[in-house]
Amino acid sequence: MPRYVVERGFDGGLHIPIGKESQEMFAKIRERNAEQGVTWVHSYVTDDKSKTFCVYDAPNAEAIRKVAAANGLPVGQITMVTVLDPYFYA
Amino acid sequence: MTRVSLLEREALLSELERYAQAAFRAGSGAALFVGGEAGAGKSALVREFTASRVAGADVLYGACDAMSAPRPLGPVADFAGMLGEEFRSLVRSGEQRQQIFERLLDDLRASRNGRVIVLEDLHWSDDATLDLLRFVARRIAACRAVLLCTYRDDEIGALHPLRRVLGELAGLQHVRRLSVPPLSLGAVERLVGDLPLNAAELHRRTSGNAFFVTEVLAAGGAALPSKVEDAVLARVARLSEPAREALESAAVIGLNQDLGLVEELAPSGEAVEECLLSGLLIGHDGALSFRHALAQEAVLGAMSALRRRHVHAAVLRALEAKALPESVAVLSHHAAGAGDASRILRYAPAAGRMAFRLGAYREARTQFARALPHAAALGPKARAELLVEHARASTLTGHDHDAMESHRLALEILREEGEATEVVLAQVRYAGALYNLGHKSEGERLVAEAVETVTARPEGPERAAVYYTHAELRMLDRDTPGALHWGRKAVASGLRTGNLRAVASAYNTLVGVLTTAERLPEARRYHQACLELVASHPALFDPTARVNAKVMFGSGLGEVYRFAEAEAALNEACELSSRTDNDSSHYYALAWLGLTYLYVGRWAEAGEAATRLLGRPNSSLITRIMAGVALGRLRVRRGDPEAWPVLDAALEEALRTDTLQRLAPVRAARAEAALAAGDAELAAAEAAAALPLAVQQRHRWFTGELTYLMRCAGSEVELPDWVTGPFAQQVRGQHDSAARAWRRLRCPFEEARALSESAEIPHLERAHRLFQELGATPAAFRVAQRMRQLGARGVPRGPRQATRANPAGLTAREQEVLTLLAQGLRNAQIAARHGVSERTVGHQVSAVLGKLGASTRTEAVAEAQRRGLILGADQRGERSLT
Numbered sequence: 001m002p003r004y005v006v007e008r009g010f011d012g013g014l015h016i017p018i019g020k021e022s023q024e025m026f027a028k029i030r031e032r033n034a035e036q037g038v039t040w041v042h043s044y045v046t047d048d049k050s051k052t053f054c055v056y057d058a059p060n061a062e063a064i065r066k067v068a069a070a071n072g073l074p075v076g077q078i079t080m081v082t083v084l085d086p087y088f089y090a
Numbered sequence: 001m002t003r004v005s006l007l008e009r010e011a012l013l014s015e016l017e018r019y020a021q022a023a024f025r026a027g028s029g030a031a032l033f034v035g036g037e038a039g040a041g042k043s044a045l046v047r048e049f050t051a052s053r054v055a056g057a058d059v060l061y062g063a064c065d066a067m068s069a070p071r072p073l074g075p076v077a078d079f080a081g082m083l084g085e086e087f088r089s090l091v092r093s094g095e096q097r098q099q100i101f102e103r104l105l106d107d108l109r110a111s112r113n114g115r116v117i118v119l120e121d122l123h124w125s126d127d128a129t130l131d132l133l134r135f136v137a138r139r140i141a142a143c144r145a146v147l148l149c150t151y152r153d154d155e156i157g158a159l160h161p162l163r164r165v166l167g168e169l170a171g172l173q174h175v176r177r178l179s180v181p182p183l184s185l186g187a188v189e190r191l192v193g194d195l196p197l198n199a200a201e202l203h204r205r206t207s208g209n210a211f212f213v214t215e216v217l218a219a220g221g222a223a224l225p226s227k228v229e230d231a232v233l234a235r236v237a238r239l240s241e242p243a244r245e246a247l248e249s250a251a252v253i254g255l256n257q258d259l260g261l262v263e264e265l266a267p268s269g270e271a272v273e274e275c276l277l278s279g280l281l282i283g284h285d286g287a288l289s290f291r292h293a294l295a296q297e298a299v300l301g302a303m304s305a306l307r308r309r310h311v312h313a314a315v316l317r318a319l320e321a322k323a324l325p326e327s328v329a330v331l332s333h334h335a336a337g338a339g340d341a342s343r344i345l346r347y348a349p350a351a352g353r354m355a356f357r358l359g360a361y362r363e364a365r366t367q368f369a370r371a372l373p374h375a376a377a378l379g380p381k382a383r384a385e386l387l388v389e390h391a392r393a394s395t396l397t398g399h400d401h402d403a404m405e406s407h408r409l410a411l412e413i414l415r416e417e418g419e420a421t422e423v424v425l426a427q428v429r430y431a432g433a434l435y436n437l438g439h440k441s442e443g444e445r446l447v448a449e450a451v452e453t454v455t456a457r458p459e460g461p462e463r464a465a466v467y468y469t470h471a472e473l474r475m476l477d478r479d480t481p482g483a484l485h486w487g488r489k490a491v492a493s494g495l496r497t498g499n500l501r502a503v504a505s506a507y508n509t510l511v512g513v514l515t516t517a518e519r520l521p522e523a524r525r526y527h528q529a530c531l532e533l534v535a536s537h538p539a540l541f542d543p544t545a546r547v548n549a550k551v552m553f554g555s556g557l558g559e560v561y562r563f564a565e566a567e568a569a570l571n572e573a574c575e576l577s578s579r580t581d582n583d584s585s586h587y588y589a590l591a592w593l594g595l596t597y598l599y600v601g602r603w604a605e606a607g608e609a610a611t612r613l614l615g616r617p618n619s620s621l622i623t624r625i626m627a628g629v630a631l632g633r634l635r636v637r638r639g640d641p642e643a644w645p646v647l648d649a650a651l652e653e654a655l656r657t658d659t660l661q662r663l664a665p666v667r668a669a670r671a672e673a674a675l676a677a678g679d680a681e682l683a684a685a686e687a688a689a690a691l692p693l694a695v696q697q698r699h700r701w702f703t704g705e706l707t708y709l710m711r712c713a714g715s716e717v718e719l720p721d722w723v724t725g726p727f728a729q730q731v732r733g734q735h736d737s738a739a740r741a742w743r744r745l746r747c748p749f750e751e752a753r754a755l756s757e758s759a760e761i762p763h764l765e766r767a768h769r770l771f772q773e774l775g776a777t778p779a780a781f782r783v784a785q786r787m788r789q790l791g792a793r794g795v796p797r798g799p800r801q802a803t804r805a806n807p808a809g810l811t812a813r814e815q816e817v818l819t820l821l822a823q824g825l826r827n828a829q830i831a832a833r834h835g836v837s838e839r840t841v842g843h844q845v846s847a848v849l850g851k852l853g854a855s856t857r858t859e860a861v862a863e864a865q866r867r868g869l870i871l872g873a874d875q876r877g878e879r880s881l882t
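Just so you know, the protein sequences line up as chains V and B, in that order. Here the first sequence stands for residues 1 to 90, numbered as in the numbering used here. Here the second sequence stands for residues 1 to 882, numbered as in the numbering used here.
Same shape as in the complex, but just chain V (with noise of 0.2 Å):
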């Protein structure tokens, strides 16, 4: 399964609940998708909450884009990855 990195802008800041409307949220989102293969790896916030880099693992971007709508999340641009960590030739 390819990873994809996507980059979403939030003016005004990304504001996530707290408590357990943000259980019942992120619930939500991975059920959606889960349905279309989707799997939302974790996310990178800018300190200002304007900006975030989310690692995906997705069929294709068309996956991805879907899930993003059904979430009601903007996507900015959406780059294929591979992983490089530093033990990778260890």
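Simulated from the structure, these hints should not be mistaken for laboratory data. Treat the hints with caution; some may be incorrect.
Incomplete in silico selection of chain B near chain V, CB under 8 Å [to be verified]: (1) 50; (2) 452; (3) 604; (4) 607; (5) 635; (6) 639; (7) 641; (8) 642; (9) 777.
Since this is a predicted model, take the numbers as computed values, not measurements. Even for Gly, the Cβ is constructed at its ideal location relative to N, Cα and C.
Using the hints provided, position chain B relative to the given structure of chain V.
Here is chain B on its own, set in the frame of chain V:
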């Protein structure tokens, strides 16, 4: 099979039982495929399941024959009697397969107690049974029924028809694959029990294969054979000579035999008894069967060729003497086994015809091929007819070279011995096969000869067929006047002589030609005429005729950018063909729908259609090419990754077809991709590859786009003056008119692209907005850059920004619309404010209402206020200024 070995099957049995319960109680049916190697115990599992876990439900049991050309719908014939005499006669008659399928489905839907249909050994299935499988599996979810199939999963290679069917059904929720694993060491130990055998060694040698293990144990375990056949043959070796003969007869007869037949052929009744006692044969309800197909295969394999032929001949004689005639496919099988030429000729062609009628084309081809080597004895005319039947079945199964060869031989024979009418028909068939394989000029010469012949003779029905073929070849050559001339003559002649099939085909050809030539009113008239003709003669035309007409018309319209009309035709084609599982038309129509959605700006749907098609194992070449163009363009326009792999695959396939219709769109998409990547040289080369052919065939759309793309790449290529249309206008610098033309054609991306070539800020603003709305990020970015270069103010930076992660799941645009709704604006005003169409705003408002769970705008606004979604001006992410 002892109880112990079935203990390791408890998990599987429970799973099967769960599906059965869901089906019988909740009416939620399932199609289950049980795979495993030969001898793993699939049949034993199924038998245990149907015996003890399906309380009250009726079980219909059928098995596929291990013959090279099995009985078409053989398994259905096995259980047909249980569904009533009428159904049994229907299946026996070998006609009307759609009716057979539908009756079976009706029965499943109506059943109260629940039904289990068992189909065993699908790896040996004929084509008609595979089609039935697809038909039922797709529709069983709403029945109180379970379809339970077994197959040897290690015997179906990548190209095996069953693998393709399994692939097609894979996505469905109620279709499941299960696997019967080998026995564990523990199970083998339990089976060995007190016997003086090394269980670990046995387990290793047999790899835990249940049948192999039990065979070795039944033989007393004196020595450990290395192959399962040896284990079986060791048992056979202990039989007396007469018993072995009886066993061999049974092996030749097949897996399930009539007890009477075996007894008849056996040297004595005791011989059969001995087989039963040995356990190699099992008896139940007057039928005999081998304990396992592997046993039958082992016995068959150990017979000498001479002995096998002898037994086949004996079986054949016995079957012929039966009062109730045996299936002609079975008789053909034994005749072939016996090497009996005259009987092969008696049975194989009839078996082939029956298979053909039932849509089991592979089997039909095998049967005809079986008869051909002996066909000289039939006389030249009958032999030629057989050759044509073989050729047809070969074409339908993709064996184009065999088809060509058979048509060629048929023509040769008929030239000597046939009438002029038969010769011309053979000529056009052979020409068609030649054309399929790329031998165009030879094909044309033949057709020209045929045309001359029929024109000189008095008119008969064959004239229309010849004229139609001529028109078709002219169309493929893009010779519009020629195609029209001969198409019209074919229609006139066909109507006069009552050859309505030729008329319908000619109508379709005319529709294709006229649509490409953009003479749409005439095209529509012929399309209507064709639909009326096929509707009023249901005996001659089945539902696929309407589907084909719609697909041809729809794809033709798409090629000339008439997408609104194309969508309607293609949707209907999709809908109709999904009802009859007419897959190849369905997928081709879907591919063109994907392209249509792309051009009219419904990009999410375009992506959906294209990815679904390219993910299928079975799509035809042309379907994959068009879906590839749609997906490739979509990814390029969005700036998404993996556009080039899709476009590379599409090119490879388009080059194989070697036709402008496929090459031009692929080259154009690739040129566009190259331009987006900033590689002007590549862009010019791609477009130049298809441009000369487009010019030669005077295709104004292909010529226009390719020329336009070359100009964008900086090439000074000439635009022929017969090229009109928005691409040509763009080449000539008339951006405004071009944009308006694109707008009328409802192509937002092309409209925006034309506007973006202007130097006027309002045009660029509109282009930017259109690109943004579509999600054409790279193009939007470039337009924004250009606007800044021209000194514009208030140009948005970067891609669309969303407001905070919206608790109601509204997109940024929807949030904006909601805010304006709260301010009391009407759709028209919102449309004007955003520079989009009122219809677009209508969609957005519906989406907002849906997400807020409101049925009116007032409700929506109230709900939004309650949830704190209405933002003040300072909170809205207003555009930053440069």
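Right, here's what the structure says about each hint:
| no. | hint | in the structure |
| --- | --- | --- |
| 1 | 50 | violated (34 Å) |
| 2 | 452 | violated (54 Å) |
| 3 | 604 | holds (7 Å) |
| 4 | 607 | holds (4 Å) |
| 5 | 635 | holds (7 Å) |
| 6 | 639 | holds (7 Å) |
| 7 | 641 | holds (4 Å) |
| 8 | 642 | holds (6 Å) |
| 9 | 777 | holds (7 Å) |
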